[in-house]
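*Asks:* Residue numbers (my numbering), protein chains in the order written: chain A, 1 to 283; chain B, 1 to 283.
Don't read these hints as lab results, they were simulated from the structure.
Careful, some of the hints might be misleading.
Copies of one chain are not kept apart here, so a pair can be met inside one copy or by any two copies together.
[Claimed, not checked] Computed list of lysine to any residue pairs in SDA-like fashion (alpha-carbon distance at most 20 Å, straight line):
| no. | residue 1 | residue 2 |
| --- | --- | --- |
| 1 | Lys52 | Asn188 |
| 2 | Lys19 | Leu278 |
| 3 | Lys30 | Glu160 |
| 4 | Lys24 | Trp236 |
Chain residues, written in single-letter form:
There are 2 protein chains.
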Amino acid sequence: MSKRSSNWVLATGDKIDLKKIDPKNTGEYKSKEDTEKETKELMKRFEKLQDKLFSSKKKSLLFIFQGMDCSGKDGVINKVFSISHPQGVQTHSFKTPTREEMDHDFLWRAHKLVSGVGYITAFNRSYYEDVLITRVHKMISDKKAQQRFKQIRHFEEMLEDNGVKVVKIFLHISKEFQLEKLIARIENPKKNWKFDESDLLERKSWDTYQAYYEDVFAHAATKDHPWHIVSADNRWYRDLAVLQIVVRTLEDLDLSYPDPNPKLQDHLPDMYAEREKLLKDKK
Amino acid sequence: MSKRSSNWVLATGDKIDLKKIDPKNTGEYKSKEDTEKETKELMKRFEKLQDKLFSSKKKSLLFIFQGMDCSGKDGVINKVFSISHPQGVQTHSFKTPTREEMDHDFLWRAHKLVSGVGYITAFNRSYYEDVLITRVHKMISDKKAQQRFKQIRHFEEMLEDNGVKVVKIFLHISKEFQLEKLIARIENPKKNWKFDESDLLERKSWDTYQAYYEDVFAHAATKDHPWHIVSADNRWYRDLAVLQIVVRTLEDLDLSYPDPNPKLQDHLPDMYAEREKLLKDKK
Chain A
1 MSKRSSNWVL ATGDKIDLKK IDPKNTGEYK SKEDTEKETK ELMKRFEKLQ
51 DKLFSSKKKS LLFIFQGMDC SGKDGVINKV FSISHPQGVQ THSFKTPTRE
101 EMDHDFLWRA HKLVSGVGYI TAFNRSYYED VLITRVHKMI SDKKAQQRFK
151 QIRHFEEMLE DNGVKVVKIF LHISKEFQLE KLIARIENPK KNWKFDESDL
201 LERKSWDTYQ AYYEDVFAHA ATKDHPWHIV SADNRWYRDL AVLQIVVRTL
251 EDLDLSYPDP NPKLQDHLPD MYAEREKLLK DKK
Chain B
1 MSKRSSNWVL ATGDKIDLKK IDPKNTGEYK SKEDTEKETK ELMKRFEKLQ
51 DKLFSSKKKS LLFIFQGMDC SGKDGVINKV FSISHPQGVQ THSFKTPTRE
101 EMDHDFLWRA HKLVSGVGYI TAFNRSYYED VLITRVHKMI SDKKAQQRFK
151 QIRHFEEMLE DNGVKVVKIF LHISKEFQLE KLIARIENPK KNWKFDESDL
201 LERKSWDTYQ AYYEDVFAHA ATKDHPWHIV SADNRWYRDL AVLQIVVRTL
251 EDLDLSYPDP NPKLQDHLPD MYAEREKLLK DKK
């Protein structure tokens, strides 16, 4: 797995210049075909690790996906988390807060959705919107944003202390890529329902968003809780990189199956006797 | 699909005698191999129909799975609902009610989890436990049970009136089958964590459970809201039958993609102009 570390940029609290990260980067991979064997193998490992996570019931995982409109948050969650144990995975898509949610602190609605031990949760957007879209639209001051960064750091630290591994992934796309996606949603009548007029409005603030994302990477990332910046103009590369992050994270948890319980054996004689009886009754 | 209707028993409110339904029945299928082609084809149709359900955002589906311990509720949900769009499916496993849940009416905790338009939800156990385990352990009177049946009928009718299709599936296993499963969970140390001592206790009330299930089929089923009784001693048959029910239900909803929105075209000239500009800037 020597290729892994080159497939995303780790933001650990230093200043990141998004302009210097190429959204079209595909690392050492040249095409989708290049990734197929590894993808298959990683999915197998993911499924095994998820089974361990689920049965050991000691830790849980929270994946946070952020990115501009059309960056493929939906797509990558569907691709990577469509495993054969859907009951072990929960996904949540964060929309404009409801009236009730607005009446609470900004972490309230997310906290309720954090997964319990054994489970994997994927957030499609998150409380990070409260230091992104809110800043772009000048709904909160810079001072308030700094306060929220502190609260986010403390919240994630608290989760980690309680066995929830928080993994943050930013899907990095280019302005051209987004435009092509939006055009396609209009040109193709079948995709019209996916088009949201507000996306065009948000697009006008592209540079401001990028700057506030850089602020997120500077103020809500450390060596222990980094942001993973994944180039996402190429879907196949984006999917592979995220899958690599997922598998690596699970491996680092050092999971093991729960210990056998030898005391259970005591039940067996009675059960064997019942088996005999049922067989006899049948004859 | 001429085989479909023979693959489960429909309970529509008449007296059902579970002893007369063979848990080992496999319909016209002789082996797993016999079902593979149809399963593949049904999964494809399921995925297409789910996409329509999700994008049309008009109706939602609620699948309720009930059955004795070891009947394979977990297994069939994992098998049938592991589709390539995990964000469109929500699963919930009902455990012993918490203190807070006990402080509310028995439908409260389930109502919160009913899926919104576009979504499919699968309940692993449900509010039906409140007319099953509660009766076996004499926590409620027969009169109370009858009252609850009425409340369940009204609740499900209300959901249907509001676009939630409720589909109830009972996985029917034999007493021998459960015993073998329980023995396997003890004999295989890796499966020990799945063994729950209380399962042995509940097993002692097998006949009482069966009688109360028959009561459910008599009092909480109508022609429009039947219970599907699926023979489940053979996993491969159980999985196929449930998949058939899922696909048939979705087909009966008569879903269609949302209409295109020709007005969106008005945005295109500006977007094409921006595309030109971005291309020029790059050169």
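*Asks:* Can you tell me if Lys30 and Glu160 fall within 20 Å by alpha carbon in one copy, between copies, both or neither?
*Replies:* neither (37 Å within a copy, 51 Å between copies)
*Asks:* One pair to classify: Lys19 and Leu278, alpha carbons no more than 20 Å apart. Within, between, both, or neither?
*Replies:* Between copies only: 15 Å across chains, 72 Å inside a chain, cut-off 20 Å.
*Asks:* At most 20 Å between alpha carbons: which applies to Lys52 and Asn188, within, between, both or neither?
*Replies:* between (43 Å within a copy, 16 Å between copies)
*Asks:* At most 20 Å between alpha carbons: which applies to Lys24 and Trp236, within, between, both or neither?
*Replies:* within (11 Å within a copy, 44 Å between copies)
Of the hints listed earlier, the one the structure fails to meet is number 3.
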